[in-house]
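Knowing the structure of chain V, use the given hints to seat chain F on it.
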Amino acid sequence: MRQLISWISIFLVACEMSAQRQLQFQVKVDSRLGNESFIPGESVTNELDTILCSNLLIYVGSFMLRSKGVEVAHWPLDYFLVDFSDTTTTSFELPMKSEIDFDEVSFLLGVDSLLQVDGPHGGSLDPVEGMYWTWQNGYIYAKVEGTSNRSSDAKHTFVWHLGGYRTPLNAAVRCSLPCDRQMLRMEIDWLPLFKFFELTTQHHVMSPSVSAVHAMQMLKSGLRAR
Amino acid sequence: MRLHVFIATVASIAMLMAFTLGTTQWVEVPGGWPEPVYPFSKNVVTREKVDLGRVLFYDPILSRDSTISCESCHSSYVAFTHIDHAVSHGIGDRIGKRNAPSLMNLAWQQSFMWDGAINHLDMQALAPITNPLEMDEELPSVLRKLRAQDHYHFLFQRAFGDTTINTERMLKSIAAFLVTLVSSNSKYDRMMRGEALFTDQEKKGYHLFREHCNACHTEPLFTNGGFSRNGIPEDPVLRDLGLFEVTKQSSDSFLFKVPTLRNVAYSKPYMHDGRMKRLSEVLAHYGTLRERGIGLNNTLDSLPSLSSDEQVDLVAFLLTLSDSAFVMNSAFGYPREIIQSLAKH
Numbered sequence: 002m003r004q005l006i007s008w009i010s011i012f013l014v015a016c017e018m019s020a021q022r023q024l025q026f027q028v029k030v031d032s033r034l035g036n037e038s039f040i041p042g043e044s045v046t047n048e049l050d051t052i053l054c055s056n057l058l059i060y061v062g063s064f065m066l067r068s069k070g071v072e073v074a075h076w077p078l079d080y081f082l083v084d085f086s087d088t089t090t091t092s093f094e095l096p097m098k099s100e101i102d103f104d105e106v107s108f109l110l111g112v113d114s115l116l117q118v119d120g121p122h123g124g125s126l127d128p129v130e131g132m133y134w135t136w137q138n139g140y141i142y143a144k145v146e147g148t149s150n151r152s153s154d155a156k157h158t159f160v161w162h163l164g165g166y167r168t169p170l171n172a173a174v175r176c177s178l179p180c181d182r183q184m185l186r187m188e189i190d191w192l193p194l195f196k197f198f199e200l201t202t203q204h205h206v207m208s209p210s211v212s213a214v215h216a217m218q219m220l221k222s223g224l225r226a227r
Numbered sequence: 065m066r067l068h069v070f071i072a073t074v075a076s077i078a079m080l081m082a083f084t085l086g087t088t089q090w091v092e093v094p095g096g097w098p099e100p101v102y103p104f105s106k107n108v109v110t111r112e113k114v115d116l117g118r119v120l121f122y123d124p125i126l127s128r129d130s131t132i133s134c135e136s137c138h139s140s141y142v143a144f145t146h147i148d149h150a151v152s153h154g155i156g157d158r159i160g161k162r163n164a165p166s167l168m169n170l171a172w173q174q175s176f177m178w179d180g181a182i183n184h185l186d187m188q189a190l191a192p193i194t195n196p197l198e199m200d201e202e203l204p205s206v207l208r209k210l211r212a213q214d215h216y217h218f219l220f221q222r223a224f225g226d227t228t229i230n231t232e233r234m235l236k237s238i239a240a241f242l243v244t245l246v247s248s249n250s251k252y253d254r255m256m257r258g259e260a261l262f263t264d265q266e267k268k269g270y271h272l273f274r275e276h277c278n279a280c281h282t283e284p285l286f287t288n289g290g291f292s293r294n295g296i297p298e299d300p301v302l303r304d305l306g307l308f309e310v311t312k313q314s315s316d317s318f319l320f321k322v323p324t325l326r327n328v329a330y331s332k333p334y335m336h337d338g339r340m341k342r343l344s345e346v347l348a349h350y351g352t353l354r355e356r357g358i359g360l361n362n363t364l365d366s367l368p369s370l371s372s373d374e375q376v377d378l379v380a381f382l383l384t385l386s387d388s389a390f391v392m393n394s395a396f397g398y399p400r401e402i403i404q405s406l407a408k409h
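From first to last, the protein sequence lines stand for chains V and F.
Residue 9 in this note's numbering sits at position 8 of the first sequence; the count goes up by one each step and never skips.
Residue 167 in this note's numbering sits at position 103 of the second sequence; the count goes up by one each step and never skips.
It is possible that part of the hints are untrue.
[Said to hold, decoys possible] Partial selection, computed: residues in chain V whose CB lies under 7 Å from chain F:
(1) Gly70
(2) Leu116
(3) Gly123
(4) Gly124
(5) Ser125
(6) Asp127
(7) Pro128
(8) Val129
(9) Trp136
(10) Gln137
(11) Asn138
[Unchecked claim] A few chain V positions that, by computed beta-carbon distances, are all more than 10 Å from chain F:
(12) Ser107
(13) Val118
(14) Leu170
In short, the hints are calculated from the structure, not lab data.
Idealized CB from N, CA, C, for every residue including glycine.
Next up, chain V with everything else stripped away, as it sits in the complex:
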């Protein structure tokens, strides 16, 4: 009996040590509009106008670690829906098998096109999340909704649902940021997007289009590592 207890104790200690050793690559995403924090429910006034965002969500995934341009780790099927009104979604972790050296993190803003011709998915990619066009297959990669003084809409609203997986309207963009630690803290600056869309005419974009493709490129240009 004593021997059995000893074995169980050794097993539990081994499990705990193993758990402690479990490596994670951590990602934290912040949202900004220029120099200001930008989250739903808080208005931001800048040189352009006053903007109040009501919904701000974006898919990030297919993270990849690279060392001198060579892939050393990849999570191709892990996607995260970052909802800036919910702080539990703005940071997440990816399990690492071992300690590895890397100098760059690469990831998709959006969802890989191959996953979008593969039937239904669960988790963050479940269409129930409201980030899926049901009338025409495909994920909405970024949902930006709110009000702006500049919007010519009767209620001064803007609704930008950016997505599209079919060539040449595939709007997902692969981005890279320098990173050599097991934590990436990145900012998405939405200001380039607000400068790109002419709110007097483009206050509603809700289907795959050339504009959506360019808009996602604008989001890429607004990324930076902290």
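Positioned in the frame of chain V, the structure of chain F alone reads:
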């Protein structure tokens, strides 16, 4: 050791057989047909899943006010289309802009809807459920309503091994039912199997069909799965641009999915907006494209003018594509026996 190898071999063969039966038992590939494109390995079709999908297909709970089911626009007795409706009416008698397509042999289809907007059969049901002109419901609400029904807990448990009700399971169950809708027992099929003979008129029609129609409405599915211009003028109210609506490529303007002609006699009216009530109108349209000087930059440009006799012969052949066993198949109809068995539980 030898015994272990033997047992492992037998077990492997048994597993392989179980998998094969699981994928093919409910969807037999008719002789001479190509292999289905539906990925059965990712949604193994079982009786339990088909039963659940069939109950969902006939349940108006999928619509916002529980008045419209999938069956409302896809009735089994008319090859799963909406008889006598140019375009379907959905919730609150709202009118859509396209003719409800017939549903059959879907495991062989690569894309769905007249404009190919849906790329996977599993995802198809989401479109009508959320379309404000059809069922006008939201996905979270559908799942909430299903979870509130005891009999769905039972049906999901039976189909998937536990009572979790989620989007993926709901969609895969509906797809599992849809892939069982195989129509392959028309007079044409029986003729091909040597079990029936065409009349002289049907034979003439078949020859004309082979010569002029088969490029797009290719045997044995009677569609090539592609998109084509049909030469009918744009409806100024509906303003439907077809495939362009999805791809935004100007070259795709007015391209519509080539529908199957199987069971075409049941699926009137015709064309993507249902503007033609009779097959004879369709034949008269295609048969006079040349004399009306309508060029479409597709195979229809080589279609000669068809005499009225030839048009009648073609219609006679098209009628041989009617599969009464398919439309009368009780396994595809309202799931009365499943509902009754649920009542006993």
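Results of checking the hints against the structure:
no.	hint	verdict
1	Gly70	violated (34 Å)
2	Leu116	violated (11 Å)
3	Gly123	holds (5 Å)
4	Gly124	violated (10 Å)
5	Ser125	violated (12 Å)
6	Asp127	holds (5 Å)
7	Pro128	holds (5 Å)
8	Val129	holds (5 Å)
9	Trp136	holds (6 Å)
10	Gln137	holds (4 Å)
11	Asn138	holds (5 Å)
12	Ser107	holds (26 Å)
13	Val118	violated (5 Å)
14	Leu170	violated (6 Å)
This entry does not satisfy hints 1, 2, 4, 5, 13 and 14, going by the numbered hints stated previously.
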